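Asker: Chain residues, written in single-letter form:
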Amino acid sequence: MPPTESSPRHLRAAIAGNPNSGKTSLFNALTGSYHAVGNYPGVTVERREGYARGNGCIFRVVDLPGTYSLTAYSAEEEVARNFVIEQRPDVVVDVVDAANLERNLYLAVQIIEMEAPLVVALNMIDVARRRRLDIDVDKLSSLLGVPVVATQAHRGVGTRELLAACAQVAADPERHIPKQIRYGHHVDEQVGHLAGLISHDEGLRGRFRPRWLAVKLIEKDSAVADQVASLAADPGAIRAAADHAIHSIETHFGEHSESVIAEGRHGFAAGVVRECLRLPTVPLRTRTDRIDSVTCHRVGGPIILVCVVYGLFVSVFKVADEWSWLFGKSPTEWMEWAFERLAESCSSLQARAPLLHSLLTDGIIGGVGGVMAFVPLILVMFAFVAVLEDTGYVARVAFVMDRLLKVFGLQGKSILAMIVSGGLGGGGCAVPGVMATRTLREEKDRLVTMLVAPLMNCGAKMPVYLMLIAAFFPRIQARILFVVWLMSWIVALGAAWVLRKAVVRGEQTPFVMELPPYHVPTLRGVLMHTWERTWAYVRKAGTVILAVSVIMWFLMYFPRVDASPFEERIAVAQAELGGEELVAVIQAIRNDQATAQLRNSVAGRLGSGLVPVSQWAGFDWRTNISLIGGFAAKELVVGTFGVAYSMGNVDPDATDSLSNRLATDPQWSRVKAFALIMFVMVYAPCMATQVTIWRESGSVRWALFSTAYATLLGFALAVLVYQGGLALGLGQ
Amino acid sequence: MARTLVDLAPGDESVVLRIEGSGAIRQRLLDMGITRGASVRCYRLAPLGDPIEISVKGSLLAIRKSVAKFVQIES
Numbered sequence: 003m004p005p006t007e008s009s010p011r012h013l014r015a016a017i018a019g020n021p022n023s024g025k026t027s028l029f030n031a032l033t034g035s036y037h038a039v040g041n042y043p044g045v046t047v048e049r050r051e052g053y054a055r056g057n058g059c060i061f062r063v064v065d066l067p068g069t070y071s072l073t074a075y076s077a078e079e080e081v082a083r084n085f086v087i088e089q090r091p092d093v094v095v096d097v098v099d100a101a102n103l104e105r106n107l108y109l110a111v112q113i114i115e116m117e118a119p120l121v122v123a124l125n126m127i128d129v130a131r132r133r134r135l136d137i138d139v140d141k142l143s144s145l146l147g148v149p150v151v152a153t154q155a156h157r158g159v160g161t162r163e164l165l166a167a168c169a170q171v172a173a174d175p176e177r178h179i180p181k182q183i184r185y186g187h188h189v190d191e192q193v194g195h196l197a198g199l200i201s202h203d204e205g206l207r208g209r210f211r212p213r214w215l216a217v218k219l220i221e222k223d224s225a226v227a228d229q230v231a232s233l234a235a236d237p238g239a240i241r242a243a244a245d246h247a248i249h250s251i252e253t254h255f256g257e258h259s260e261s262v263i264a265e266g267r268h269g270f271a272a273g274v275v276r277e278c279l280r281l282p283t284v285p286l287r288t289r290t291d292r293i294d295s296v297t298c299h300r301v302g303g304p305i306i307l308v309c310v311v312y313g314l315f316v317s318v319f320k321v322a323d324e325w326s327w328l329f330g331k332s333p334t335e336w337m338e339w340a341f342e343r344l345a346e347s348c349s350s351l352q353a354r355a356p357l358l359h360s361l362l363t364d365g366i367i368g369g370v371g372g373v374m375a376f377v378p379l380i381l382v383m384f385a386f387v388a389v390l391e392d393t394g395y396v397a398r399v400a401f402v403m404d405r406l407l408k409v410f411g412l413q414g415k416s417i418l419a420m421i422v423s424g425g426l427g428g429g430g431c432a433v434p435g436v437m438a439t440r441t442l443r444e445e446k447d448r449l450v451t452m453l454v455a456p457l458m459n460c461g462a463k464m465p466v467y468l469m470l471i472a473a474f475f476p477r478i479q480a481r482i483l484f485v486v487w488l489m490s491w492i493v494a495l496g497a498a499w500v501l502r503k504a505v506v507r508g509e510q511t512p513f514v515m516e517l518p519p520y521h522v523p524t525l526r527g528v529l530m531h532t533w534e535r536t537w538a539y540v541r542k543a544g545t546v547i548l549a550v551s552v553i554m555w556f557l558m559y560f561p562r563v564d565a566s567p568f569e570e571r572i573a574v575a576q577a578e579l580g581g582e583e584l585v586a587v588i589q590a591i592r593n594d595q596a597t598a599q600l601r602n603s604v605a606g607r608l609g610s611g612l613v614p615v616s617q618w619a620g621f622d623w624r625t626n627i628s629l630i631g632g633f634a635a636k637e638l639v640v641g642t643f644g645v646a647y648s649m650g651n652v653d654p655d656a657t658d659s660l661s662n663r664l665a666t667d668p669q670w671s672r673v674k675a676f677a678l679i680m681f682v683m684v685y686a687p688c689m690a691t692q693v694t695i696w697r698e699s700g701s702v703r704w705a706l707f708s709t710a711y712a713t714l715l716g717f718a719l720a721v722l723v724y725q726g727g728l729a730l731g732l733g734q
Numbered sequence: 436m437a438r439t440l441v442d443l444a445p446g447d448e449s450v451v452l453r454i455e456g457s458g459a460i461r462q463r464l465l466d467m468g469i470t471r472g473a474s475v476r477c478y479r480l481a482p483l484g485d486p487i488e489i490s491v492k493g494s495l496l497a498i499r500k501s502v503a504k505f506v507q508i509e510s
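Protein chains in written order, with the numbering used here: chain B, 3 to 734; chain V, 436 to 510.
Honestly, the hints are just simulated from the structure, not real lab data. It should be emphasised that the depicted structure is a prediction, and the values quoted were computed from it without experimental measurement.
For each label pair, taking beta carbons as the anchor points, the in silico distance ranges come out as:
{"#": "1", "chain 1": "B", "residue 1": "Arg62", "chain 2": "V", "residue 2": "Gly472", "range": "41 to 47 Å"}
{"#": "2", "chain 1": "V", "residue 1": "Gly472", "chain 2": "B", "residue 2": "Asp228", "range": "29 to 35 Å"}
{"#": "3", "chain 1": "B", "residue 1": "His246", "chain 2": "V", "residue 2": "Ser510", "range": "32 to 38 Å"}
We put the beta carbon where it would ideally sit given N, CA and C, even for glycine.
The shape of chain V in the complex, shown without the other chains (with noise of 0.2 Å):
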């Protein structure tokens, strides 16, 4: 299994490699600016352990782990 954005640990750095999903979903990440390249830092979990508080191209976003699956990372 390829590693993806939910595998990441709060304070983890990594870079996207690929994106996965649907056509809603795939352009919605890419519209927020998760694009193969970007450089991605986890922060927190919320405190139910879902969503992830994620930044990327200097913002702060908040994605459902469902979403967050579908982002290939670099292990």
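Chain B on its own, in the form it takes in the complex (with noise of 0.2 Å):
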């Protein structure tokens, strides 16, 4: 049926391709700028949707993970090749990247092999035009047997042609399964008789393609063969015929049966790849190997990448921060200030209706304006991330630093979240730390990176550690610093090498990595990627981070104690007093009311119930009610401080007050203060980063469990750092 204006064709097409074949910058080009993004279900794959119009018809199209082989090894293959499958797509787009098409038609083999409906886009044909590589593209599509269309997805060209020839290909999809693999005549034997065995089966016939899992049992590929086990009317049949067939063909080759199937893919793809290319008599990579040499170089890699993380901490933190100078206030600022307004806004409550004004103004702008304050920031991160990542230098990252994290159980690629949560001191965010894991393919690497990343000194912190430092060590305020710095790493590195021998154990997965030719970025990719990861983030302020806020302030609100007392100490004292005197001492019983109120509410009388626990650190109960604030926020600790010490609520950037009031206390020490830094720098990371290793691990479970250890290891040094400061007898 010829389709018409009024009813446009409804056609789902995936999009697969190996990483840095320009799938992603395709996708681009052929949904436009609205997508959905998320995650495949169970696992921390992204996954992207769009829509597509071209040909009468609307396509809705996935963009599946870059992979370069559909194996159950890795969880983005299984997801791609799992969507193939299940999901039956009207049409398969596989991106092959023109200018390696040798090592890209691996996937393309695999895919015809799974005998779903296939169109190939021969991307960047222009980059290998310009390297003159003179591929015959109907010759390919001949050989192949799908139809092929050379585009240049960061230019949006051949968009329409494939579009096309994806329309095509749905409306007729018998027609155009493509043609058979061979492996030679021992193979194709061993797999014809497997194949009829499982076509012949009836819990498998209909539900796979049979000659497909022929192979995939030969390759030895556990998932399937799993599958095969639970879903097959026979399956000891089954079994004995693969093991059968693989023992032929181990026996007649003298080689594993996946190395002789993964060979006969390479040879085929070799083959196509001989018969229509000419191949240039010029070297191949000239340009990324001069680069490389350069930027991977014994001394020079390290320097240049010194450099880059240093601009990159640079543009986040000073850049977000600091760029007052063009618009009056730093982007961040300008945020704060427009929370301000907006809890201003609600001040007329305050007389009328007291409680939803607080939770107005104390629980949900504060909290998750307090999240949002943090947008520019990301967005500055994001866009400096999403650059060397489209340049290809993340890869160059980790093969410079790779060796020496290798050591703590990470790799090179997590140097870069570990920084940007804060570990060149001084400022940093989890937040953006975590998500910047979504740069290693590795899964238990980035498990592991994403819960210890948040032990680095973030600026939220900061704060924290200034108004103890100026209190307790005046004198060596930079000495102290540095040492928290250092100590930072000590355990974020020694937490991860505990973690991967005792929590995340298990085979490393093999790392083998591409390092891609360089690219110039293209600005509309990288504001697409910047945009993405930053609404996703926003998305989550407004959500979850809403919820708990409203929670946290319920926790501080109530129950409530009674004002009377205090309102009648108001009135003695506006009989006898008046002038400045008098608002001073109304300010002085407001405080109090403030600390009362706190004492009694839910948190203080968990902070107060904490103490005979909490002692052993040297934590009162004004301490421990700041901490468990610390938990939504770190930047709370220091207000909570404020209001626990009757001094209202202290602004975090004027502490001075408070450093004093402490400083003067006998029942602090320096070894108390010290114990409460590291206490601070380790526990439980804030509630946004908490909500961020939920959503990035994919599950609850690995949330909690970095708040229960990191809380657990930041006590177990602060009783370690004030008991031994106490039989040291530095506690006067």
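Need the complex rebuilt from these two chains, each delivered in its own frame; the hints are there to steer you.
Answerer: Laid out in structure tokens, this is it:
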């Protein structure tokens, strides 16, 4: 039926391809600016979806994760494979890097084998032509048995033709089933025999393509073997036949059967390339190799890395925080200013409905606003990381740093996440840090990085350090800060090492990473990346963090204390005093009331209840309450301290008076202060980070684990410092 | 001892003979194009000597030595 204007055909398309093949650019070129971004169920693999129009059809396009193959050894590959098998899209587009045809065809061959309706997008054809690679597109199409369309995704060239080819394939899928891949007589015979058996099995027939299943069984693919075991009508017979085929192939070739299959695919790809490509005589990858000889140089490489990391740091934390000359305020200050105005606009409620006022200003605006204030920072960070990713430099960072971080069970790319989280000391934020772990493809490395990145010194911990250091170490401030910075790395790397040994155990994903050719990133690509990730962050602030903010507010607001004794004191003061003295006295009484209120609240009772334990680290109830506030956001610690010490809510930027108060308090000592600094450094990541870990690890269990282990570790460290200090007689 | 990828010095070229190691390691190497008969060239070592950068089938790969030792090459 020919499509008409009034009733466009709805088709489902999936985009597959190697990483660095321009897959994402093509997805963007096809779908325009509107995407839904999420994760595939149960895994942390990012899923992007959009719509494309062409040829009278509306395509719902899913961007599959970039993969080199379709084995069961990585989450990305399994997701891509299962999507094609289970969702059965009307058409699969395989994006192939024309400048690197042979390696890219290896994946195309596997999709062909799945007998999925396929269109090959021969992407970056311009780059290939510049390298004088002359590809015969028609010949490639006839050799693969599928339509091939030349594209330049970053310029949008070829997308119309691509959609036309997709519509054609989807209209008549049976006519567009690609050719079978031949592995040579001996293997083909075994595959054919096994496929015959599968096609007669009641449980497997119709669910899978028999030939594909046969090849996968011969490849010893564990996920496929498990599926056969659970679904087949006679799993025993099929298992036995598969073992027989594997044995026959292995004795015939003297080689592992999966090697034989992989070689067959590579051989097919190489044969195709030989026939449709006239190889140039110029040596390959001249430009990339020249740049690598600088960026990966023994001495120059690390120096350049330090410069780039420093540049990242400066641009994220200085640009976003200190660009006041351009806008009058820094972007972060503008955000804070906006939320303060919003809070002020509620002030008319204060007298009429104090409860609602407190909920709106302290709970919702305070909580969500605190998180939203990071948006400018996060935007700049994502833009910088997007540029690093799109140029290909992130892979070089991993190459240069890998050996050092391997010692601690991490890998080269972990360094980026740790630096964004505050690894340079003096600022940072674990939320974008945890998000930056997306560049790590190895799942276990990624998880451990995610768990230790929050131990770095983020910007929100700094006011606590500065307040305590000013109070107790006034003459050696810089030295103490340096020690704190050093400790954060020691603790984080040590924790990574232990976590790797004890919690995230198991075999390391074999570290083989492509160093992609350098590219000049496109503005559109960078902006798209930046926007999508920033939006994901904003959305989270509006949902989960909103909910937790309300809960935290509730814990600190209820139950209420009786206000009448304070009102009586104010009345007495009003009768006796006047002028400025009266204002000061009323303020002091209000501060006392706030302290009493805080102590009486659920959080306060919790803080008092914890004293028998926390005293081991030297923390009293006031400290405990402040630290409970810090579970929500570390920014709250100093403010809550202020309330607990009857000083009103202290601005984290102006802590002098609080410092003086603590310095003169006989209850406090240097040892206590340093124990508290260590605890604040390590203990539970803030709410925003916990939610990010939840989202990025795909499991709330890891978010809870990170909270639990960090709090226990922090407490152990604080107890060690406090008790050790007392034992050494430093307590006075 | 058979020669492996680890034994290549920067600038050396060779041909892959055989891939050993567990299923995951072998599959990963095969998927990245390191198969019997493929020609490989070592470009450089990372600043701390590991991983190594090699080219195979027109792409550049960084491989940790702990993985590269499973790739036997012609001497």
